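Novice: Put together the whole structure using the sequences plus the hints.
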Amino acid sequence: NAGVTQTPKFQVLKTGQSMTLQCAQDMNHNSMYWYRQDPGMGLRLIYYSASEGTTDKGEVPNGYNVSRLNKREFSLRLESAAPSQTSVYFCASSETFRGSGRQVWQFFGPGTRLTVL
Amino acid sequence: QKEVEQNSGPLSVPEGAIASLNCTYSDRVSQSFFWYRQYSGKSPELIMSIYSNGDKEDGRFTAQLNKASQYVSLLIRDSQPSDSATYLCAVNGGNYGGSQGNLIFGKGTKLSVKP
Chain A
1 NAGVTQTPKF QVLKTGQSMT LQCAQDMNHN SMYWYRQDPG MGLRLIYYSA
51 SEGTTDKGEV PNGYNVSRLN KREFSLRLES AAPSQTSVYF CASSETFRGS
101 GRQVWQFFGP GTRLTVL
Chain B
1 QKEVEQNSGP LSVPEGAIAS LNCTYSDRVS QSFFWYRQYS GKSPELIMSI
51 YSNGDKEDGR FTAQLNKASQ YVSLLIRDSQ PSDSATYLCA VNGGNYGGSQ
101 GNLIFGKGTK LSVKP
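Listed in order, the protein sequences are those of chains A and B.
Following my numbering, the numbering of the first sequence begins with 1 at its first residue and continues without gaps.
Following my numbering, the numbering of the second sequence begins with 1 at its first residue and continues without gaps.
Where hints are given, some of them may not hold.
What the hints assert, rightly or not - Think about it this way: if two alpha-carbon atoms lie no more than 27 Å apart in a straight line, the pair counts; the simulated BS3-like pairs of lysine-lysine are:
no.	chain 1	residue 1	chain 2	residue 2
1	B	42	A	14
2	B	2	B	67
3	A	57	B	107
4	B	42	A	9
5	B	110	B	42
Stated by the list, open to error - Label pairs and their calculated CB-CB ranges:
no.	chain 1	residue 1	chain 2	residue 2	range
6	B	53	A	67	36 to 46 Å
7	A	30	B	29	21 to 31 Å
8	B	42	A	51	25 to 35 Å
9	A	12	B	16	40 to 50 Å
10	B	2	A	28	25 to 35 Å
11	A	104	B	39	22 to 32 Å
12	B	16	A	65	48 to 58 Å
13	A	30	B	81	32 to 42 Å
14	B	46	A	88	11 to 21 Å
15	B	42	A	67	18 to 28 Å
Hints were generated in silico from the structure; no laboratory data involved.
Computed from a predicted model, the values in this text were never measured in an experiment.
Ideal Cβ positions, reconstructed from N, Cα and C, are used throughout, including at glycine.
Specialist: In C-alpha cells, the structure reads:
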C-alpha cells in the first residue's frame, strides 16, 4: 500500500515549456487535490476532483489544467510554464465528504519540486 | 474570504516542555479541524483531528477546540527535538470553492525544540 505517489520528484523547466505532474493513490479514495506550497504562502489549492469524472477550480487555478484519468489518477498540466510557477506541488486524496459535516482528512503525496527558469 | 490564521513563529521551547500552538479561523460553519506536521522538505502528515468542542488527547498531543471563539490549539507535552517541524492548522472550508470537502490551511507555525 503505497498511499499517494507523485512523479517526478524534481523537475527544471524553461519558461514556455510544458509538463504534466502525475499523481496516483491506491486507497480507493473518491476525492483528489492539487496544491502548491510557496514560502510564506502556505498550501494553496489549485484544482480538486470531488469524484471520478469531475474537476473544479480551487484558489489559484490560472496557468494549470487537470485531468482525472480514473479513480486512482489525477494529473496536473502546465501548458506554458512561467517562473511564477516555481513551487512545490503536492497531490492529496481523501474519502468522500460526509454529509454529517465531518470531513475525513487528506493524505498527501511526497511532492514535486518544480523550478521554472 | 475564509481564513485560517497561525503565528508563524518560530516557537522555541526546551526539551521536555509543553509546546502550545494556536490557530483561529474565520468561517463559523466549519465543522472539521486538523493538525498536520511537516518536516523540512517533506509532505504534511496528519497528527490530530477534532470535530467537537473540548479536548482530544492522543499520546503526547492534545487538540483543543472552541467553536464559539473560533479557536483551535495543539499542545505537545514532553516536547522532543524530533517534534521540531512546521505545524499546519487546517479547517474544513464549508462551502469554500463550491465543495464542502475542501480544507483551508494556515501558513503554519515553525516549532523548534532545543535539547
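Novice: Evaluate each hint against the coordinates.
Specialist: Results of checking the hints against the structure:
1. 42(B) - 14(A): holds (25 Å)
2. 2(B) - 67(B): holds (15 Å)
3. 57(A) - 107(B): holds (21 Å)
4. 42(B) - 9(A): Holds, at about 11 Å.
5. 110(B) - 42(B): holds (14 Å)
6. 53(B) - 67(A): 36 to 46 Å: holds (41 Å)
7. 30(A) - 29(B): 21 to 31 Å: holds (22 Å)
8. 42(B) - 51(A): 25 to 35 Å: holds (28 Å)
9. 12(A) - 16(B): 40 to 50 Å: This hint holds: roughly 43 Å between Cβ atoms.
10. 2(B) - 28(A): 25 to 35 Å: holds (29 Å)
11. 104(A) - 39(B): 22 to 32 Å: holds (23 Å)
12. 16(B) - 65(A): 48 to 58 Å: holds (50 Å)
13. 30(A) - 81(B): 32 to 42 Å: holds (39 Å)
14. 46(B) - 88(A): 11 to 21 Å: holds (18 Å)
15. 42(B) - 67(A): 18 to 28 Å: With Cβ atoms ~27 Å apart, the hint holds.
In terms of the numbered hints stated before, the structure departs from none.
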